[in-house]
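Let the sequences and hints guide you as you build the complete structure.
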Amino acid sequence: MTETPAAPQRSELPPAWNPAEVEAGLYERWVERGYFTADATSDKPPFSIVLPPPNVNGSLHMGHALNHSIMDALTRRRRMQGYEVLWLPGTDHAGIATQTAVERDLAGEGKSRHDVGREKFVERVWEWREEVGGRILGQMRRLGDGVDWTRVRFTMDEGLSHAVQTIFKRLYDDGLIYRAERIINWCPRCQTALSDIEVDHSEDDGELVSIRYGSGDDSIVVATTRAETMLGDTAVAVHPEDERYKHLIGTEVEVPLTGRYVPVVADEHVDPEFGTGAVKVTPAHDPNDFEIGRRHDLPALTVMDGRGVITAHGPFQDMDRFEARPAVVAALREQGRIVAEKRPYKHSVGHCSRCDTVIEPRLSMQWWVKVAPLAEAASAAVRDGRTTIHPPELAKRYFDWVDNLNDWCISRQLWWGHRIPVWYGPNDKVMCVGPDDEPPGEGWVQDEDVLDTWFSSGLWPFSTLGWPTQTADLAKFYPTSVLSTGYDILFFWVVRMMMFGLYAMDGKQPFDHVFLHGLIRDQHGKKMSKSRGNGIDPIDWMDAYGADATRFTLLRSANPGSDMALADEWAAGSRNFTTKLWNATRFALGNGATVERPLPPREELTDADRWILDLLDGLVTEVDGHFEAFQFAKLSEALYHFTWDEFCDWYLELAKVQLAEGGTRAKATQSVLGHVLDVVLRLLHPLTPFITETLWTTLTGGESLVVADWPKPTGGARDEVAATRIEGLKKLVTEIRRFRSDQGLKPAQKVAGKVRGACCVDLLDQVPAVRSLTRMTEPGDDFSVSVSLDVGLPAGTVKVELDLSGAVDVVAERKRLAKDLAVAEKERAQCEGKLGNAAFLDKAPAEVVAKIQSRLTAANAEIDRIHARLETLPQDNS
RNA sequence: GGGCGCGUAGCUCAGCGGAAGAGCACUCGGUUUACACCCGAGCGGUCGCAGGUUCGAAUCCUGCCGCGCCCACCA
Numbered sequence: 001m002t003e004t005p006a007a008p009q010r011s012e013l014p015p016a017w018n019p020a021e022v023e024a025g026l027y028e029r030w031v032e033r034g035y036f037t038a039d040a041t042s043d044k045p046p047f048s049i050v051l052p053p054p055n056v057n058g059s060l061h062m063g064h065a066l067n068h069s070i071m072d073a074l075t076r077r078r079r080m081q082g083y084e085v086l087w088l089p090g091t092d093h094a095g096i097a098t099q100t101a102v103e104r105d106l107a108g109e110g111k112s113r114h115d116v117g118r119e120k121f122v123e124r125v126w127e128w129r130e131e132v133g134g135r136i137l138g139q140m141r142r143l144g145d146g147v148d149w150t151r152v153r154f155t156m157d158e159g160l161s162h163a164v165q166t167i168f169k170r171l172y173d174d175g176l177i178y179r180a181e182r183i184i185n186w187c188p189r190c191q192t193a194l195s196d197i198e199v200d201h202s203e204d205d206g207e208l209v210s211i212r213y214g215s216g217d218d219s220i221v222v223a224t225t226r227a228e229t230m231l232g233d234t235a236v237a238v239h240p241e242d243e244r245y246k247h248l249i250g251t252e253v254e255v256p257l258t259g260r261y262v263p264v265v266a267d268e269h270v271d272p273e274f275g276t277g278a279v280k281v282t283p284a285h286d287p288n289d290f291e292i293g294r295r296h297d298l299p300a301l302t303v304m305d306g307r308g309v310i311t312a313h314g315p316f317q318d319m320d321r322f323e324a325r326p327a328v329v330a331a332l333r334e335q336g337r338i339v340a341e342k343r344p345y346k347h348s349v350g351h352c353s354r355c356d357t358v359i360e361p362r363l364s365m366q367w368w369v370k371v372a373p374l375a376e377a378a379s380a381a382v383r384d385g386r387t388t389i390h391p392p393e394l395a396k397r398y399f400d401w402v403d404n405l406n407d408w409c410i411s412r413q414l415w416w417g418h419r420i421p422v423w424y425g426p427n428d429k430v431m432c433v434g435p436d437d438e439p440p441g442e443g444w445v446q447d448e449d450v451l452d453t454w455f456s457s458g459l460w461p462f463s464t465l466g467w468p469t470q471t472a473d474l475a476k477f478y479p480t481s482v483l484s485t486g487y488d489i490l491f492f493w494v495v496r497m498m499m500f501g502l503y504a505m506d507g508k509q510p511f512d513h514v515f516l517h518g519l520i521r522d523q524h525g526k527k528m529s530k531s532r533g534n535g536i537d538p539i540d541w542m543d544a545y546g547a548d549a550t551r552f553t554l555l556r557s558a559n560p561g562s563d564m565a566l567a568d569e570w571a572a573g574s575r576n577f578t579t580k581l582w583n584a585t586r587f588a589l590g591n592g593a594t595v596e597r598p599l600p601p602r603e604e605l606t607d608a609d610r611w612i613l614d615l616l617d618g619l620v621t622e623v624d625g626h627f628e629a630f631q632f633a634k635l636s637e638a639l640y641h642f643t644w645d646e647f648c649d650w651y652l653e654l655a656k657v658q659l660a661e662g663g664t665r666a667k668a669t670q671s672v673l674g675h676v677l678d679v680v681l682r683l684l685h686p687l688t689p690f691i692t693e694t695l696w697t698t699l700t701g702g703e704s705l706v707v708a709d710w711p712k713p714t715g716g717a718r719d720e721v722a723a724t725r726i727e728g729l730k731k732l733v734t735e736i737r738r739f740r741s742d743q744g745l746k747p748a749q750k751v752a753g754k755v756r757g758a759c760c761v762d763l764l765d766q767v768p769a770v771r772s773l774t775r776m777t778e779p780g781d782d783f784s785v786s787v788s789l790d791v792g793l794p795a796g797t798v799k800v801e802l803d804l805s806g807a808v809d810v811v812a813e814r815k816r817l818a819k820d821l822a823v824a825e826k827e828r829a830q831c832e833g834k835l836g837n838a839a840f841l842d843k844a845p846a847e848v849v850a851k852i853q854s855r856l857t858a859a860n861a862e863i864d865r866i867h868a869r870l871e872t873l874p875q876d877n878s
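Residue numbers (our numbering): 1 to 878.
No lab work stands behind these hints: they were computed from the structure.
Some clues are possibly wrong.
To be verified - Keeping only pairs whose Cα atoms sit at most 30 Å apart, straight-line, the calculated DSBU-like set for lysine-lysine is:
id	residue 1	residue 2
1	K634	K580
2	K730	K580
3	K44	K476
4	K746	K634
5	K754	K819
6	K370	K169
7	K799	K731
8	K526	K634
9	K731	K851
10	K754	K815
11	K396	K526
12	K731	K656
13	K815	K746
Claimed, not checked - With beta-carbon atoms standing in for the labels, derived distance ranges:
id	residue 1	residue 2	range
14	D709	E832	38 to 46 Å
15	A660	Q749	17 to 25 Å
16	T734	Q830	36 to 44 Å
17	H296	D537	53 to 61 Å
18	D709	R419	46 to 54 Å
19	Q830	L599	43 to 51 Å
20	P344	R118	41 to 49 Å
21	T664	D568	42 to 50 Å
Keep in mind the model is a prediction, meaning the values are calculated, not measured.
Positions of the beta carbon are idealized from the N, C-alpha and C atoms, including for glycine.
Right, here's the structure in full:
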């Protein structure tokens with residue numbers, strides 16, 4: 001049994017982790033080996049995620065990096081758990097966003113899309129998307145995304161276009177898609193209609209002018225912020241019960257500047273309390289007025305074109321709307337028609353979410369989706385639990401939305417997108433053309449417009465799997481398991497996928513779980529944006545700290561549904577963690593850590609071994625729980641804490657003592673080290689795939705962590721005695737260190753000392769470790785106790801005698817004791833207060849009372865110890 | 001105008017009914033043979049304010065104050 005300690009093996013790991021050198025190579029190996037390629041014919045249970053397709057109008061930002069880290073973590077874990085995993089990647093043509101980007105590009109050459117023409121323009125967008133799309137996919141490789149590269153899709157590829165056409169036709173035939181003339185949100189810059197959610201409202205300064213219509217007793221004053229629209233007024237509306245105006249209802253008043261007489265109508269919509277209680281009605285340029293017009297059969301007079309330029313004949317013709325507005329007011333003032341002006345006047349103004357141009361409500365013929373039946377199904381699927389939204393708070397928003405939906409305007413006057421599959425023929429004939437239909441012949445023309453980009457992305461969970469064909473992929477991987485995305489596109493995208501998925505797949509939900517993460521902000525909680533200059537590019541982080549550190553930083557901050565603040569320091573901290581992990585493994589390997597020998601039986605292990613193994617077991621359970629609950633911040637925290645604070649700070653130090661013992665003790669320790677690292681690396685792999693892969697393959701010689709098994713809890717009972725002893729040891733060591741620090745001892749300075757304690761003989765087995773951790777030497781013949789330190793542990797008091805050669809800093813020691821005493825006395829007072837309260841004793845649960853009692857006992861013991869110490873301590877250093 | 005959420009250590013955030021926590025920052029000490037991207041020891045909080053419920057409240061309720069987000073057709 002007197003084996004020599006295993007000769008320190010030469011570690012195969014370089015001294016430092018250099019992510020830039022190895023990440024790309026590891027990634028390519030994973031892809032080449034087909035780890036990420038899903039098999040639809042497999043017997044394994046499926047786990048599928050469709051990647052929210054990034055827009056091809058830019059590169060991946062930190063928000064993408066976050067979401068990709070989340071999805072990669074989820075899929076890697078499931079793969080290790082033995083699921084057949086499909087993570088399907090792709091990109092989105094992002095109609096208006098991409099068209100705007102390419103138009104901007106063209107503008108740099110002094111050209112507009114009209115200069116190049118539709119066909120050439122679309123060609124150019126395709127070129128753009130090749131470049132940008134490729135760049136995005138490259139960034140995904142860089143991040144380590146374990147996506148299935150054999151299944152990359154694009155919202156405008158052939159298969160998806162086929163799906164778009166198919167569902168359009170089906171909805172059209174079901175009467176759920178229709179064409180109608182209505183007031184829509186029009187962007188005069190993008191020259192297209194927008195849906196309601198593509199309009200952002202902001203409180204802008206405007207001017208509220210009150211204008212007198214008509215004259216004399218029959219005049220009526222209306223207020224407006226958009227004076228130029230009066231050119232298209234076709235009525236004045238008042239509330240039917242408004243006594244002030246009852247006599248005017250049915251009469252006509254003159255609209256100034258136009259010479260037109262319009263009726264005064266009564267309409268419930270008018271709020272008599274607001275302004276003058278009378279409203280000018282412009283059915284062609286205001287959504288409310290349009291409704292009023294409909295109710296009263298008023299004509300809609302269009303006075304402005306799609307660029308926002310006045311078309312009405314007269315002095316204002318050809319003026320831009322913002323030029324015409326003051327001009328109209330000036331003309332009215334000249335005629336003495338302006339009764340009052342309020343300036344500035346804050347009111348809500350709609351802006352194009354893409355280019356920020358002020359939206360112009362405009363009467364226009366567009367295509368619509370009738371959402372009520374679809375939304376009802378979408379609502380039901382979440383209510384009955386087919387789909388679960390995480391965090392649940394956001395489910396409320398989902399319901400608010402789906403339960404109050406207006407119809408969805410889906411046609412866009414753009415060139416980049418899916419052309420609406422409808423043809424117009426002679427005699428106003430209309431034909432919706434399905435994918436298998438022949439386009440009609442002579443004399444027919446296809447609708448010029450394209451579909452809202454969210455129409456095709458709404459099909460993503462099933463169109464990417466081959467729908468409408470009943471493919472093996474669709475059968476195996478639909479419904480998808482999880483959808484992960486930012487809460488900001490809950491309405492834009494998630495709702496649409498729910499509606500279309502349930503409709504196309506006969507009531508089968510597109511996903512079982514929806515996980516909504518927060519938005520990334522800067523270190524002060526401000527939104528990251530280019531204009532603010534506070535954005536951080538994930539590529540910069542990966543360059544500086546590595547992909548693993550970047551991912552870990554993001555996951556570490558990802559509390560469900562809440563925004564997160566980030567700064568470079570955060571990433572540096574994660575990088576430090578990867579370095580720590582690297583060095584710990586390097587140390588273990590250098591000391592013979594191995595997974596080749598099985599763990600020795602428990603009874604052959606030390607308290608420290610059993611303690612760390614039990615903690616590890618708990619960690620496995622904890623990590624699993626957090627994964628199931630999408631608690632990425634918590635699971636990262638748990639792994640960080642175990643690795644750094646428990647394993648590195650304590651176990652590795654204790655292991656050094658055990659290794660030094662040699663023989664079977666050293667061998668056992670090598671096994672424990674190997675085992676703990678093996679498990680920790682597996683658990684960390686979904687978060688930090690590159691470094692864990694490198695370390696694990698070196699440690700175990702295994703093929704790859706990507707296809708390794710996910711750890712399971714052993715189910716064994718925790719060794720409470722070992723845990724108590726190690727916690728006691730930690731406290732003892734910390735107290736001695738604290739004492740040393742107070743005494744001003746340099747960390748390297750060794751001090752002779754004895755550790756005694758009749759209380760717990762067991763703990764004294766740890767004395768070599770305590771000595772090692774506190775730089776305490778064995779006392780020699782000339783040992784003279786110059787200071788004695790009592791440390792209270794749960795099991796009793798341990799006495800530590802240290803030979804400080806008479807150089808005890810009594811002042812520091814008294815100060816410390818006084819402080820400890822104050823803490824203990826406060827504790828005692830608190831406990832006594834509670835225990836002296838009859839109501840507390842009567843009503844509090846027994847275990848709480850017992851806890852307080854033991855706290856009081858401990859506090860009293862502590863106080864006694866401190867008093868005893870103070871008595872034996874000299875008054876000062878003399 | 002509705003709805004939701006948040007105000008806890010200098011900063012960013014956990015905790016959400018029974019002894020105030022983490023990361024970063026800060027102070028002190030360190031050539032301790034894994035790691036200075038480190039080690040050790042510290043400092044730092046009447047948990048926004050005011051009431052209430054409770055034996056007990058950062059945690060539940062009410063009202064204020066201050067932020068943020070979402071939705072909405074108020075001229």
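Checklist entry - Can the suggested window of 42 to 50 Å be confirmed for the beta-carbon pair T664 and D568? => result holds (48 Å)
Item to check | Pairwise hint evaluation, K746 against K815, where the allowed Cα distance is 30 Å at most | outcome: holds (19 Å)
Checklist entry - For the pair D709 and E832, does the Cβ-Cβ distance stay inside 38 to 46 Å? => result violated (54 Å)
Checklist entry - Given the hinted pair K44 and K476, is their alpha-carbon gap at most 30 Å? => result holds (10 Å)
Next on the checklist: I want to verify a distance hint. Is the separation of the beta carbons of P344 and R118 within 41 to 49 Å?
Outcome noted: holds (42 Å)
Next on the checklist: Next pair to validate is K754 with K819; report whether the Cα-Cα distance is within 30 Å.
Outcome noted: holds (25 Å)
Next on the checklist: Would the hint linking K746 and K634 be met if the CA-CA limit is 30 Å?
Outcome noted: violated (37 Å)
Next on the checklist: What's the verdict on K634 and K580, does the C-alpha distance respect the 30 Å limit or exceed it?
Outcome noted: Roughly 20 Å between the alpha carbons, so the hint for K634 and K580 holds.
Next on the checklist: Tell me if the straight-line CA distance from K799 to K731 falls inside 30 Å.
Outcome noted: holds (13 Å)
Checklist entry - If you check the beta carbons of H296 and D537, does the distance land in 53 to 61 Å? => result Roughly 56 Å apart at Cβ, these two residues keep to the hinted range, so it holds.
Checklist entry - Are the Cα atoms of K370 and K169 separated by 30 Å or less? => result holds (14 Å)
Checklist entry - Lying within 17 to 25 Å: is that true of the beta-carbon distance A660 to Q749? => result The hint (17 to 25 Å, Cβ to Cβ) holds, given that A660 and Q749 are roughly 21 Å apart.
Consistency note: the structure conflicts with the earlier hints numbered 4, 14, 16.
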